[in-house]
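*Asks:* Here's the letter readout for the chains.
Protein chains: 2
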Amino acid sequence: MPPSYLHIQIRKQAKTPLFRQVYEKIRDDILTGSLSPGTLLPPTRRLAKELQISRNVILEAYGQLHAEGYIEAGAGSHTRVAQDTHYRQYKKTPRTDLKPDLKPARFDIAFQTGIPDLSLFPRALWGKYLKAAAIEAREDELAYDTPSGHEGLRQVLADYLYKSRGISIPADRIIITSGATQALFLTALMLYKDGCEAIIEDPGGFGVIEILRTVGYRLCPMAANGGDLDISRLPLTSATRMVYVTPSHQFPMGNIMPVATRISLLKCLHAKNAILIEDDYDSEFRYDGAPIHPLKALDPEQVVYVGSFSKVLSPALRIGYAVLPETLLEPFRRLKRFSDAQSPLIDQIALKNFIRDGAFEKHVYKMKKRYEKKRNVLMDSLLGAFGSSVRIYGEAAGLHMVAEFKDIRFDLDSGFEVCHNRVLIPSVEKHTVQKGRHTHQLVFGYGNLSEDRIIRGITALNRFR
Amino acid sequence: MPPSYLHIQIRKQAKTPLFRQVYEKIRDDILTGSLSPGTLLPPTRRLAKELQISRNVILEAYGQLHAEGYIEAGAGSHTRVAQDTHYRQYKKTPRTDLKPDLKPARFDIAFQTGIPDLSLFPRALWGKYLKAAAIEAREDELAYDTPSGHEGLRQVLADYLYKSRGISIPADRIIITSGATQALFLTALMLYKDGCEAIIEDPGGFGVIEILRTVGYRLCPMAANGGDLDISRLPLTSATRMVYVTPSHQFPMGNIMPVATRISLLKCLHAKNAILIEDDYDSEFRYDGAPIHPLKALDPEQVVYVGSFSKVLSPALRIGYAVLPETLLEPFRRLKRFSDAQSPLIDQIALKNFIRDGAFEKHVYKMKKRYEKKRNVLMDSLLGAFGSSVRIYGEAAGLHMVAEFKDIRFDLDSGFEVCHNRVLIPSVEKHTVQKGRHTHQLVFGYGNLSEDRIIRGITALNRFR
Chain A
0 MPPSYLHIQI RKQAKTPLFR QVYEKIRDDI LTGSLSPGTL LPPTRRLAKE
50 LQISRNVILE AYGQLHAEGY IEAGAGSHTR VAQDTHYRQY KKTPRTDLKP
100 DLKPARFDIA FQTGIPDLSL FPRALWGKYL KAAAIEARED ELAYDTPSGH
150 EGLRQVLADY LYKSRGISIP ADRIIITSGA TQALFLTALM LYKDGCEAII
200 EDPGGFGVIE ILRTVGYRLC PMAANGGDLD ISRLPLTSAT RMVYVTPSHQ
250 FPMGNIMPVA TRISLLKCLH AKNAILIEDD YDSEFRYDGA PIHPLKALDP
300 EQVVYVGSFS KVLSPALRIG YAVLPETLLE PFRRLKRFSD AQSPLIDQIA
350 LKNFIRDGAF EKHVYKMKKR YEKKRNVLMD SLLGAFGSSV RIYGEAAGLH
400 MVAEFKDIRF DLDSGFEVCH NRVLIPSVEK HTVQKGRHTH QLVFGYGNLS
450 EDRIIRGITA LNRFR
Chain B
0 MPPSYLHIQI RKQAKTPLFR QVYEKIRDDI LTGSLSPGTL LPPTRRLAKE
50 LQISRNVILE AYGQLHAEGY IEAGAGSHTR VAQDTHYRQY KKTPRTDLKP
100 DLKPARFDIA FQTGIPDLSL FPRALWGKYL KAAAIEARED ELAYDTPSGH
150 EGLRQVLADY LYKSRGISIP ADRIIITSGA TQALFLTALM LYKDGCEAII
200 EDPGGFGVIE ILRTVGYRLC PMAANGGDLD ISRLPLTSAT RMVYVTPSHQ
250 FPMGNIMPVA TRISLLKCLH AKNAILIEDD YDSEFRYDGA PIHPLKALDP
300 EQVVYVGSFS KVLSPALRIG YAVLPETLLE PFRRLKRFSD AQSPLIDQIA
350 LKNFIRDGAF EKHVYKMKKR YEKKRNVLMD SLLGAFGSSV RIYGEAAGLH
400 MVAEFKDIRF DLDSGFEVCH NRVLIPSVEK HTVQKGRHTH QLVFGYGNLS
450 EDRIIRGITA LNRFR
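Line by line, the protein sequences are chains A and B.
Mapping of the first sequence onto numbering that gives the first Met the number 0: residues 0 to 464, in sequence order.
Mapping of the second sequence onto numbering that gives the first Met the number 0: residues 0 to 464, in sequence order.
Think of the hints as simulated: they come from the structure by calculation, not from any bench.
Take the hints with a grain of salt, since some may be wrong.
It does not matter which identical chain is meant; a pair holds if it fits inside one copy or across any two.
SDA-like, lysine to any residue: derived pairs with alpha carbons at most 20 Å apart [what the hints assert, rightly or not]:
#1 90 - 259
#2 372 - 145
#3 368 - 461
#4 127 - 352
#5 361 - 120
#6 14 - 361
#7 405 - 462
#8 24 - 9
#9 368 - 118
#10 24 - 311
#11 192 - 212
#12 372 - 444
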């Protein structure tokens, strides 16, 4: 009996199962055209004997090839290669892999904004809560739950927002999102219409600018240069769909929007039926008083309130939320449902218990003391090094402050950042729409830097001038 | 000394801190207009004495009111209510709450598709992996990581896709998403242009239809009525941006797309430069052979391959992935970054270790045997009850099958589902774009039903006819 024309090399020691070796060789020969349509395959018994393997292996391989349409049973028990099975583009590629794209640690000291002190992330405790949540989750919750997020978490969050911010809403107004990013993205997408505009503070947040641009908004900046907004000059038009603000701690400049400005802003929006998005991104950490009374509490039906656990715990958890006006609740739920169904359940249960047990408040308290110390070290270093030629903004809250340098200019790397001696400090310029006005102001995110690094960073900056 | 006109009632036993009681009363009186602009506030010493509380409490309250712009320091040490602080719309609302909207368990036995056996979700083991992941996560990973997802998870996933599906791609072609839902949503959003069209199988998936409609596509159905697609009649136009298919196990009909159809589909798309989306939603569970060789392996640059861990573990984990052509990698990454930054990190690390340690394969093996048993029970029940008047489709794989009833019609609830005696069975009709052709076919999702319930469900259906 002559050997079959299939040229299958069986490797009995290989990890790949025998049936797969036979199946893959024949399949690839058919796809590449080595075995053309109509070709008769050898009978299973004969092939088994020839390859010295069990006939069941051949039957399994032929079965798979048949199921996928590569071969078909002909007259008698003949098996032939099926028609139209040659694909010129097909290449059998070996498993290659890129090296992991490790980003080289370019900077020793990076004054990044929005990153909490990750060395104090309560790993063991959070891990315990996660484990307990995996045990606690009800069976029906492990299927698809409501897109709004876990009922229990929304309840404790509603209580928390009432106690800490004076926002009085039922839990069903809250939708749990994948961080504030998703809350903003979905709100922007929900409100979007062709040719529409969004008003944002300028400087504002780099991330927000990119989110709104990604959705397709035309951005209308309003100057927020450290002082108060002039609402009479708000660039409000009939195309304005939303106004995005950070009234508790303007990002990045840090001022609190006075209540008179809040009221006149809300009145403007009522007139134009535009939605206000209030991003309360870090007001857990206010050092010189209590969290600020939000716009949402003044006018719940005009404001989408956005919050996040990224600054308090870790951005990597991806848990944030939107508190919506009643009219926007169903459209937002629908968008959440068809964009990612819901947020992960076990994480939500863990967070619910973490808040309920008081671990959250304890953590905020501990971190606030820690950040206050860092803030003081940073202010002392800046004032010590630059004296009256530096002016500091927004130090009353949060994880960053802005310093404005009189008569000092630093070289900005691609217009956005001071990069010197492995120290990185972003410019306010990075967070602007209208460029060129804020090159003398730097943003110092200090949340994730040790006091020692803060001091070394400012020393390096001082030597650089 | 006459009492001040502030009428503050201090409740010393209340949970609300004293400073908050003072602050909130004055703030609300200003907002509602009871205290009008220009009104002089009592000096702090006097108010403290009158309320019989520490002056520091009053200083703190005034400090907060001042920071928020409600009051301003006038001449001398006088403090007055600031201008423009009255907001007619403001209502001080007590903390109300809705009752939790518990959905009544309307059905005892629901043949839902796409839900795995949740009673076998490995809670304790998964909890252990989550806890370990919270400990293992590197500090820099707890900040914002790459939008593509955890490097380690993408590595093990690339290995898994090669071994189990023959897809040979480097790990950086994979982007981790919040379930297949997000992979589809972001792909659809990325490819979207005004007036564009998507071709989908009909019947297809209810969820997919809604996702594409939400993004704004015009849907062009191609009949997939249990048999093969006729690619020569593909409704491909210059507006077609994507073709969505489930070739390994057509949803819901269950057939495998033959390789000849695959090849002619790919050739068509090459000509029109449209992208193929291949949703391989449940092919881990193929009972009569190995997982099907995907379209992605035939032509990596034309196909977005979408997968999910929802069917193998639980939908509530929200972990899925997209494997992208090189040209779409950067646009997709950008969209992921600005839609939700990244997927939660700790969950990804847990899954990485779960796969790496072999726990994943073990779980798949165990579940497959379990589902095969359920499938056999369901087929036996259907054939036993309906004999030759039922025809079964798509039973070779997955967590559901379709049964077509000859000369039997069931009352469909709102055209979509059989609801009888607390038993729910969706119709294929639910998953169609063109209505009215599939009312005699029901979809039996059996993944999350016990064998006993399967039998009782079919008995109830039989009595109902």
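*Asks:* Now look at each hint and say whether the structure bears it out.
*Replies:* Evaluated hints:
no. : hint      : result
1   : 90 - 259  : between (68 Å within a copy, 17 Å between copies)
2   : 372 - 145 : neither (42 Å within a copy, 31 Å between copies)
3   : 368 - 461 : neither (27 Å within a copy, 68 Å between copies)
4   : 127 - 352 : both (11 Å within a copy, 18 Å between copies)
5   : 361 - 120 : within (13 Å within a copy, 33 Å between copies)
6   : 14 - 361  : between (52 Å within a copy, 17 Å between copies)
7   : 405 - 462 : within (16 Å within a copy, 86 Å between copies)
8   : 24 - 9    : within (10 Å within a copy, 84 Å between copies)
9   : 368 - 118 : within (15 Å within a copy, 45 Å between copies)
10  : 24 - 311  : neither (55 Å within a copy, 29 Å between copies)
11  : 192 - 212 : both (13 Å within a copy, 16 Å between copies)
12  : 372 - 444 : within (14 Å within a copy, 58 Å between copies)
Hint compliance for this structure: hints 2, 3, 10 are not met, and every other hint is.
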